[in-house]
Structures are given as structure tokens and as C-alpha cells.
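Going down the list, the sequences are from chains A and B. Each residue of the first sequence is one higher than the one before, starting from 1 at the first, in this note's numbering. Each residue of the second sequence is one higher than the one before, starting from 1 at the first, in this note's numbering.
No wet-lab data here; the hints were simulated from the structure. Careful, some of the hints might be misleading.
[Said to hold, decoys possible] Here are some chain A residues pointing at chain B (derived, C-beta under 8 Å):
(1) Leu39
(2) Gln41
(3) Tyr48
(4) Gly51
(5) Ala54
(6) Ala88
(7) Trp96
(8) Phe106
(9) Gly107
(10) Val114
(11) Val115
[What the hints assert, rightly or not] Lysine-lysine pairs mimicking DSSO-like chemistry, simulated, CA-CA at most 30 Å apart:
(12) B:Lys99 - A:Lys11
(13) B:Lys104 - B:Lys68
(14) A:Lys15 - B:Lys68
(15) A:Lys11 - B:Lys37
(16) B:Lys37 - B:Lys3
(17) A:Lys57 - B:Lys41
(18) B:Lys41 - A:Lys11
[As the list claims (entries may be wrong)] Taking beta-carbon pairs under 8 Å as the criterion, some of the chain A residues facing chain B (in silico):
(19) Phe45
(20) Pro55
(21) Thr99
(22) Gly109
In this text, all values refer to a predicted model and were calculated from it rather than measured experimentally. Beta carbons: idealized from backbone N, C-alpha and C, even for Gly.
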Amino acid sequence: GAGVSQSPSNKVTEKGKDVELRCDPISGHTALYWYRQSLGQGLEFLIYFQGNSAPDKSGLPSDRFSAERTGGSVSTLTIQRTQQEDSAVYLCASSWGGTVLYGYTFGSGTRLTVV
Amino acid sequence: EDKVVQSPLSLVVHEGDTVTLNCSYEVTNFRSLLWYKQEKKAPTFLFMLTSSGIEKKSGRLSSILDKKELSSILNITATQTGDSAIYLCAVGAPGSNYKLTFGKGTLLTVNP
Chain A
1 GAGVSQSPSN
11 KVTEKGKDVE
21 LRCDPISGHT
31 ALYWYRQSLG
41 QGLEFLIYFQ
51 GNSAPDKSGL
61 PSDRFSAERT
71 GGSVSTLTIQ
81 RTQQEDSAVY
91 LCASSWGGTV
101 LYGYTFGSGT
111 RLTVV
Chain B
1 EDKVVQSPLS
11 LVVHEGDTVT
21 LNCSYEVTNF
31 RSLLWYKQEK
41 KAPTFLFMLT
51 SSGIEKKSGR
61 LSSILDKKEL
71 SSILNITATQ
81 TGDSAIYLCA
91 VGAPGSNYKL
101 TFGKGTLLTV
111 NP
């Protein structure tokens, strides 16, 4: 596609429910990133996928968070048993190569609100 | 711990003013510094500065990297209401060629 596509754009969920956030990167981009932006905070790295390599999951805040990338393209970020502190904007980005020197292209994000 | 600090946190100016946004960093093995503009939700890339490219300019926007002072500035001249946004600074995290550490951003409001 022309840009990084994320869905849904907004999600309101009840505490304790599971949610799935989807990211469709730019066609041909081999690297995919998830970041989280909480209110008043900078973007926080969550996870990185590059080609067929094992993902870097070092930023995932707890074992309630998981992500997968199927076929080297679409990625899904899953949050189980959501908590109010999970409320944030979840941003996905992709890049042509697995390095910041190629720059990131971000999607418009999913605003998650846990009530 | 790596740190990226932006100042001011927020700024209100009138159209036509010139603004300077600041970013200072404390990271080991500096590789690159990036500036993004965030309107609504999606950050859009503005500039990347590295040891080999310490000054960038695009239209009314320009940025300089000062490796000695571990800082960067983003200048916007003749501001317009469309410049209103959050400006984010990020540096490449040490030990990683793909991870970015972001500052909290500067909220710029340009009034007509």
C-alpha cells in the first residue's frame, strides 16, 4: 500500500478484555516496529520484526503483550486482560531496511482506551 | 539510562514568528538523531542528522546537530498555523541499529 495502515483507528475496551491491533506495512518494507505513546510520554519501543529473523521483544512491558508477523507482512499486536494503564496510542512503523538510517514510516496509530 | 530531553515542552507563537526547539541527549555510541512532526497521531519524518550530516534544511525548517554539546535544534522560520504540531526528537539507541529513543516532544501552537 501507499502507507502504513493500522486498524482500528480507535478502540474502547473494558478492563480484562483482550484486544488485537493490526498493522499493514508498506509493501516491500522488510522491517516492522511497534511503539506505544502514553499520555505525556515519549514513544516507547515495544517490538521489532526484520525479515525471517527472530523478533526483538525486549520492549514488551509484560507477558500480557504479544505480537506476530505473518508472511513477512501484516502484524498483529495482542494485549490480553487489558488494564487501564494499557490506554495509549499504539503506533506501527515500517522501513525498507532494518536500520534507523533508512528512516521509519509511521502509521496513524490505534488509540486504545481501557475503561 | 539513555535520555532524550526536549525543551520547551510547549510553545505558543503567532504566525510569522521564528521558533527554535531544543533536543539534548545522553546516549552512548551516538549514531543518529531524527526529528519528526506529529499531527493528530502519525509522526512524519522531517530530518535525520548523523556525524556526516550535521545540518539539514528544507524550506522554512532547518536543523543542526552539535555533537560536542550533545544537542540539536530545530528552527522554523515564518511560522504558519499548519506548523502547529508536536515535534519529536529521537536518537538511535546504543547497541541497536534499529531502535529509537524518543523525547516527550514539544507542542507548538501557532496562532493566526
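Hint by hint, here is what the structure shows:
1. Leu39: 10 Å, violated
2. Gln41: 6 Å, holds
3. Tyr48: Since chain B brings a Cβ to about 6 Å from A:Tyr48, closer than 8 Å, the hint holds.
4. Gly51: 12 Å, violated
5. Ala54: 13 Å, violated
6. Ala88: 11 Å, violated
7. Trp96: 12 Å, violated
8. Phe106: Holds - the Cβ of A:Phe106 comes within 8 Å of chain B, reaching about 5 Å at its closest.
9. Gly107: 6 Å, holds
10. Val114: 18 Å, violated
11. Val115: 20 Å, violated
12. B:Lys99 - A:Lys11: Holds. B:Lys99 to A:Lys11 sits at ~26 Å (cutoff 30 Å).
13. B:Lys104 - B:Lys68: 22 Å, holds
14. A:Lys15 - B:Lys68: 48 Å, violated
15. A:Lys11 - B:Lys37: 24 Å, holds
16. B:Lys37 - B:Lys3: 20 Å, holds
17. A:Lys57 - B:Lys41: 23 Å, holds
18. B:Lys41 - A:Lys11: 14 Å, holds
19. Phe45: 5 Å, holds
20. Pro55: Because about 11 Å separates A:Pro55 from the closest Cβ in chain B, which is outside the 8 Å limit, the hint is violated.
21. Thr99: 4 Å, holds
22. Gly109: This interface hint holds because 4 Å falls under the 8 Å limit.
Of the numbered hints stated above, those contradicted by the structure are hints 1, 4, 5, 6, 7, 10, 11, 14 and 20, listed in ascending order.
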